[in-house]
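Student: Those protein sequence lines, which keep their order, are chains E and R. Going by the numbering used here, 122 is the number at position 122 of the first sequence; the sequence numbering is gapless. Going by the numbering used here, 213 is the number at position 58 of the second sequence; the sequence numbering is gapless.
Derived from the structure by calculation, the hints contain no laboratory data. All figures in this text were calculated on a predicted structure; none of them were measured in a lab. Virtual Cβ for every residue (Gly too), placed ideally from N, Cα, C. Treat the hints with care, since some could be wrong.
[Unchecked claim] Just a few of them, taken from the derived set where beta-carbon distance is under 10 Å, the chain R residues facing chain E:
{"#": "1", "residue": "159"}
{"#": "2", "residue": "163"}
{"#": "3", "residue": "165"}
{"#": "4", "residue": "169"}
{"#": "5", "residue": "172"}
{"#": "6", "residue": "173"}
{"#": "7", "residue": "176"}
{"#": "8", "residue": "196"}
{"#": "9", "residue": "203"}
{"#": "10", "residue": "205"}
{"#": "11", "residue": "252"}
{"#": "12", "residue": "266"}
[Said to hold, decoys possible] One-sided excerpt, in silico: chain E residues whose CB lies under 8 Å from chain R:
{"#": "13", "residue": "8"}
{"#": "14", "residue": "17"}
{"#": "15", "residue": "99"}
{"#": "16", "residue": "103"}
[What the hints assert, rightly or not] Only pairs whose alpha carbons sit at most 25 Å apart, straight line, appear in this in silico DMTMM-like list of lysine to aspartate or glutamate:
{"#": "17", "chain 1": "E", "residue 1": "113", "chain 2": "E", "residue 2": "82"}
{"#": "18", "chain 1": "E", "residue 1": "93", "chain 2": "E", "residue 2": "81"}
{"#": "19", "chain 1": "E", "residue 1": "49", "chain 2": "R", "residue 2": "190"}
{"#": "20", "chain 1": "R", "residue 1": "257", "chain 2": "E", "residue 2": "82"}
2 protein chains.
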Amino acid sequence: MDKLDLPSWIVGFVDGEGCFSISFTRRTKLNCKLEVRASFSVSQKINNKSSLLKIEDYFSCGSLRYSKKDDTFKYEVRNIDDLYTKIAPFFCKYSLLTNKQKDFESWNTVILKIKQGYHLNCDGIKEIIDIAYTMNSKGDGRKYTKWELLQFLES
Amino acid sequence: MDKLDLPSWIVGFVDGEGCFSISFTRRTKLNCKLEVRASFSVSQKINNKSSLLKIEDYFSCGSLRYSKKDDTFKYEVRNIDDLYTKIAPFFCKYSLLTNKQKDFESWNTVILKIKQGYHLNCDGIKEIIDIAYTMNSKGDGRKYTKWELLQFLES
Numbered sequence: 001m002d003k004l005d006l007p008s009w010i011v012g013f014v015d016g017e018g019c020f021s022i023s024f025t026r027r028t029k030l031n032c033k034l035e036v037r038a039s040f041s042v043s044q045k046i047n048n049k050s051s052l053l054k055i056e057d058y059f060s061c062g063s064l065r066y067s068k069k070d071d072t073f074k075y076e077v078r079n080i081d082d083l084y085t086k087i088a089p090f091f092c093k094y095s096l097l098t099n100k101q102k103d104f105e106s107w108n109t110v111i112l113k114i115k116q117g118y119h120l121n122c123d124g125i126k127e128i129i130d131i132a133y134t135m136n137s138k139g140d141g142r143k144y145t146k147w148e149l150l151q152f153l154e155s
Numbered sequence: 156m157d158k159l160d161l162p163s164w165i166v167g168f169v170d171g172e173g174c175f176s177i178s179f180t181r182r183t184k185l186n187c188k189l190e191v192r193a194s195f196s197v198s199q200k201i202n203n204k205s206s207l208l209k210i211e212d213y214f215s216c217g218s219l220r221y222s223k224k225d226d227t228f229k230y231e232v233r234n235i236d237d238l239y240t241k242i243a244p245f246f247c248k249y250s251l252l253t254n255k256q257k258d259f260e261s262w263n264t265v266i267l268k269i270k271q272g273y274h275l276n277c278d279g280i281k282e283i284i285d286i287a288y289t290m291n292s293k294g295d296g297r298k299y300t301k302w303e304l305l306q307f308l309e310s
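Same shape as in the complex, but just chain E (with noise of 0.2 Å):
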């Protein structure tokens, strides 16, 4: 039997199940009213929770947790550190093969963003909403349209 090569076999998992995803949250007591929120996410059905296992320990970061509402198991990046030195790095040095590469190339800009400091000031929040919005099928699933996130920052 062949061996496999485990970055590419990550990369093949993750361009059918990754998600690269940029949030927001409204929260009234911040300056700007909006927490920006950077992730990295991979999802299974319960019985095949030995594969998130498997990338969990490749990179040695985030946590997997349960999610009852559809019966899988995500295992999750939040922590920008690691996003920016471990996750951002291995996908700059393995391309991902789908259309996926595109969102992983905005979310990637949005990480480098949120590391200089751009989610603390409402002009830096509007350029992370710019490109947070042409992701992941521009932006379908979002609890708020682009123009209610506009409006949140200038109230």
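Model the placement of chain R on the given structure of chain E, informed by the hints.
Tutor: Coordinates of chain R only, in the frame set by chain E:
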């Protein structure tokens, strides 16, 4: 950027999204009343069709079709000679890394039995049913229970 190993990428994708299936259809005109079919398939949301084309291109068999029901594309190989000469040898050479490997091994046993004509007599079909109903979470989502299938055989 490092070059990906395509077989490893395919194994990762299939570990996440692939399905090795043995299905049974009631056919009252057949001697044993049951038709046995094997397939290998991978599904994706409509915006990720390119990944399936890559897999189809690699295996040089099977076809893509659109499922209106869940708005997905499915790459599927159903021809037994393609399954036997292209799909099975690939996953014998490159082992899956998740629990799906067990399903593949059972599926591979059935593929060999079909090649040997076991699906054309009732005792052979019984053996195939026994194996198939241990696969993919032990038959969840099947139209018939194992008991019902055995009743059809004896009717």
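Student: Would you mind marking each hint as holding or not holding in the structure?
Tutor: Results for each hint:
At a threshold of 10 Å, the smallest CB-CB gap from residue 159 of chain R to chain E is about 4 Å, leaving the interface hint in force. The beta carbon of residue 163 of chain R is positioned within 10 Å of a beta carbon in chain E (closest approach about 4 Å), and the interface hint is therefore held. Taken as an interface hint, residue 165 of chain R checks out: its beta carbon lies about 6 Å from the nearest beta carbon of chain E, inside 10 Å. For residue 169 of chain R, the interface hint holds, the least distance from its beta-carbon to any beta-carbon of chain E being 8 Å, beneath 10 Å.
Taking 10 Å as the C-beta cut-off, the interface hint given for residue 172 of chain R holds, the closest approach to chain E being about 4 Å. Interface hint status for residue 173 of chain R: upheld, as the beta-carbon distance to the closest one in chain E is roughly 9 Å, under 10 Å. Checking residue 176 of chain R against chain E by beta carbon gives a least distance of about 15 Å; that is not within 10 Å, so the hint is violated. Against a cut-off of 10 Å between C-beta atoms, the interface hint on residue 196 of chain R is violated, since the closest Cβ of chain E lies about 13 Å away.
Interface hint status for residue 203 of chain R: upheld, as the beta-carbon distance to the closest one in chain E is roughly 5 Å, under 10 Å. A cut of 10 Å between beta carbons decides the hint on residue 205 of chain R: the least distance to chain E is about 5 Å, and the hint holds. A hinted interface residue such as residue 252 of chain R counts as satisfied when its beta carbon comes closer than 10 Å to some beta carbon of chain E; here the least separation is about 6 Å, so the hint holds. The closest approach between the C-beta of residue 266 of chain R and any C-beta of chain E is roughly 18 Å, which is over the 10 Å cut-off, so the hint fails.
The interface hint given for residue 8 of chain E holds, since its Cβ lies 4 Å from the closest Cβ of chain R, which is under the 8 Å cut-off. With a cut of 8 Å, the hint placing residue 17 of chain E at the interface with chain R holds, because the nearest CB-to-CB distance is about 4 Å. Taking 8 Å as the C-beta contact cut-off toward chain R, the hint placing residue 99 of chain E at the interface holds, the least distance being around 6 Å. Against a cut-off of 8 Å between C-beta atoms, the interface hint on residue 103 of chain E is violated, since the closest Cβ of chain R lies about 10 Å away.
The suggested pairing of residue 113 of chain E with residue 82 of chain E holds, with an alpha-carbon distance near 15 Å, which does not exceed 25 Å. Of the pairs offered as hints, the one joining residue 93 of chain E and residue 81 of chain E holds, with about 18 Å between alpha carbons and a cut-off of 25 Å not exceeded. A threshold of 25 Å between alpha carbons decides the hint, and for residue 49 of chain E with residue 190 of chain R the separation of about 33 Å lies outside it, so the pair is violated. A hinted pair counts as satisfied when its Cα atoms are at most 25 Å apart, and residue 257 of chain R with residue 82 of chain E does not qualify at roughly 34 Å.
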